[in-house]
Amino acid sequence: MVYLLQHLLVNSARRYPDKEAVVFQDQQITYRELDRVTNQLANVLRKNGVRRGDRVGIYLNKSIPAIVSILGTLKAGAVYVPLDPRAPAERISYIMENCGIRCLLTSSQKMSLVAKMLSGRPQPERIILTDDSPLPAGLPLENLVSWETVQEAPDLLEDENPVIETDLAYILYTSGSTGVPKGVMITHLNAFTFLKWVQATFHITPDDCLSNHAPLHFDLSILDVFGALNAGATLVLVPEVISTFPIRLADWIEENRISIWYSVPSVLTMLVLHGELERHRFPALRTILFAGEVFPTKYLRRLMELIPQAEYYNLYGPTETNVITYYKVEPIAPGQTKPIPIGKACSNMEVFALTEQGQVVSHPGEEGELYARGSCVAKGYWGDPEKTSKHFITNPLQSNFPEIVYRTGDIVTLDKNGNYIYKGRRDHMIKSRGYRIELGEIETALYSHSGVKEAAVVAVPDDLIGHRIYAYIVPHDGNQLTAAELRLFCGQKLPSYMIPEKFQFRISLPKTSTGKIDKKALLASV
Amino acid sequence: MEVNALVRQFIKTELVTDHLYSDLQDNDPLLTTGIIDSLGIVKILAFIQEQFGVNVDDREIVPENFETVQAISSLIQQKLAGKQ
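Protein chains in written order, with this note's numbering: chain A, 1 to 526; chain B, 1 to 84.
Treat each hint with caution, since some may be false.
What the hints assert, rightly or not - The list that follows gives simulated cross-link-like pairs (lysine-lysine, PhoX-like), each with its CA atoms no further than 20 Å apart:
| # | chain 1 | residue 1 | chain 2 | residue 2 |
| --- | --- | --- | --- | --- |
| 1 | A | K338 | A | K453 |
| 2 | A | K502 | B | K12 |
| 3 | A | K379 | A | K423 |
| 4 | B | K79 | B | K43 |
| 5 | A | K344 | A | K416 |
| 6 | A | K502 | B | K43 |
| 7 | B | K43 | A | K431 |
| 8 | A | K423 | A | K328 |
| 9 | A | K328 | A | K338 |
Said to hold, decoys possible - Here are the in silico distance ranges between beta carbons for each label pair:
| # | chain 1 | residue 1 | chain 2 | residue 2 | range |
| --- | --- | --- | --- | --- | --- |
| 10 | B | E64 | A | F505 | 33 to 39 Å |
| 11 | A | R32 | B | R59 | 39 to 45 Å |
| 12 | B | R59 | A | D207 | 31 to 37 Å |
| 13 | A | D251 | B | A46 | 21 to 27 Å |
| 14 | B | A5 | A | A521 | 37 to 43 Å |
| 15 | B | N27 | A | P239 | 21 to 27 Å |
| 16 | A | V2 | B | Q77 | 55 to 61 Å |
| 17 | A | E90 | B | L80 | 37 to 43 Å |
| 18 | B | R59 | A | K196 | 39 to 45 Å |
| 19 | B | P29 | A | A521 | 41 to 47 Å |
| 20 | B | E50 | A | D18 | 50 to 56 Å |
| 21 | A | K116 | B | S74 | 33 to 39 Å |
| 22 | A | V2 | B | R59 | 43 to 49 Å |
No wet-lab data here; the hints were simulated from the structure.
In this text, a Cβ means the ideal position worked out from N, Cα and C, and glycines have one as well.
Turn these sequences into a full structure, and let the hints steer you where they fit.
Structural data, given as structure tokens:
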């Protein structure tokens, strides 16, 4: 029976043992080898005390060992927690402590950073290295397990783990409005519900090459990694430096014969503007998927002209549900500027929108907040029942049996074809380059600087990247704050995509009649 | 100020978010360290345009031209020389 994420690998390894499973730069690994080495890693994890439901942190740059770590963790029956390799140490330590990481998988090269990060904090019981490069000198080594140990471990899974589909598979941390990130708990069943729809909709075959552009701590990666494993296709990891340079990225897509591409729209916009796409034919590219933010219609239209043979899909859904609606893009008329719809519910998922009065939105033009229902809905936020109960609520539309639905916070309307259209947010969450950002988390970081008397962060709508983040600061009297200093300060607390692009200093901030900072006035002054 | 100093100054004040790199030198790597990533590249292109009045062509937006302060400065100097 196939009901856990790791079964997808085991199945494909049986059917396509010699096919390339993952490719990264000049390295590749076959399905047989991936199955074998993840068994070894799982055995080592089990031997070191990792049990069902334990959290295993993965602190690695995008690489084949990172994929091995994900699947080895799952095979051990544990929960993988991907840690952003670029996030500041303070944030990583917070996450590790928050979800109680029992075991950490990392690389020799990252060990100095890890040692610094963990000093004076609770230690994971074991740190397992996923490579055999030499270690930096002078590190405390007592809880280290070498890669050699993994390579010498038995390559058949030693015990069947008792995990079932409603157990957690992974926890993804996203920005939290109260100043710290929150961990979204996803079960095998949640991910499977999504992956079944993926396979039924995109018909991925062993001949497909799927790109993985999104970082592994970002939920777009679930489609890439497990969509490929499910079909026996090849997953090709996009090197980070390549994705910074549009022309190189365009060459890369063609050279690697990518057939299914998935990313945030801003990457595709960069390709349209600077990738010289007309020089390429992309003969293999058949499906282009995007999610995470609104794709500016004029650039999408241009992309469809430049790569005419591909099918285009707009996917929508928060981390708490993964994709729940989709829209197959139809030809766009020249001059059309209105955004394309987020579409209709994926199969085996239900969405509905409720007006402020609690009425179901059923006619074009009515607006309401979108809710999601089905086995795609996550279990909630790790260690935070209060926040969980605010967003994961009892279904207000039926009372025959207890059921939880997810409140997205997204405001939508309907078009005349029954497609949902995204209108905006109910709260202060914004998207920038597809990243979900709570402005409150940035403000909390700024307020923790001793020189900051008042701080307000606003999101300025932007065609290319969704939003640009500007910070307005009132320093304490006599404090000579500079933008560079605040940027460095934020760099210790926030990932780079959350750091304001501009810091503006003011003597005071505009206030509303109730004494709150008037963000509308600040936005108008940009 | 010379080109190198202006570029270094810009990167230090606008792009560096880690104290590890606050003493940036002209030949320190900018790409492998993530100082310039896909967010940073857009900022630095805008800076080159505004500060020096030169447009970087799409074909010049490649890692070789952005891997160090020195590489970026050479690109700018080359473009400035071409303008005269």
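Hint by hint, here is what the structure shows:
1. K338(A) x K453(A): violated, 41 Å
2. K502(A) x K12(B): holds, 14 Å
3. K379(A) x K423(A): At roughly 26 Å apart (the allowed maximum being 20 Å), K423(A) and K379(A) break the hint.
4. K79(B) x K43(B): holds, 18 Å
5. K344(A) x K416(A): Satisfied, since the Cα-Cα distance of roughly 12 Å is no more than 20 Å.
6. K502(A) x K43(B): Given pair K502(A), K43(B) holds - Cα atoms ~11 Å apart, limit 20 Å.
7. K43(B) x K431(A): Answer holds: K43(B) to K431(A) is near 18 Å, not above 20 Å.
8. K423(A) x K328(A): Measuring from Cα to Cα gives roughly 19 Å; hence the hint holds.
9. K328(A) x K338(A): holds, 16 Å
10. E64(B) x F505(A): 33 to 39 Å: holds, 38 Å
11. R32(A) x R59(B): 39 to 45 Å: holds, 42 Å
12. R59(B) x D207(A): 31 to 37 Å: Given a distance of about 32 Å, which is inside 31 to 37 Å, the answer is holds.
13. D251(A) x A46(B): 21 to 27 Å: holds, 24 Å
14. A5(B) x A521(A): 37 to 43 Å: holds, 38 Å
15. N27(B) x P239(A): 21 to 27 Å: holds, 22 Å
16. V2(A) x Q77(B): 55 to 61 Å: 60 Å Cβ-Cβ, so the 55 to 61 Å window holds.
17. E90(A) x L80(B): 37 to 43 Å: Check passed, 41 Å falls within 37 to 43 Å.
18. R59(B) x K196(A): 39 to 45 Å: holds, 43 Å
19. P29(B) x A521(A): 41 to 47 Å: Since P29(B) and A521(A) have Cβ atoms about 43 Å apart, the given range 41 to 47 Å holds.
20. E50(B) x D18(A): 50 to 56 Å: For E50(B) and D18(A) the Cβ distance comes to about 54 Å; the hint holds.
21. K116(A) x S74(B): 33 to 39 Å: holds, 35 Å
22. V2(A) x R59(B): 43 to 49 Å: For V2(A) and R59(B) the Cβ distance comes to about 48 Å; the hint holds.
Checked against the numbered hints given earlier, the structure breaks hints 1 and 3 and satisfies all the rest.
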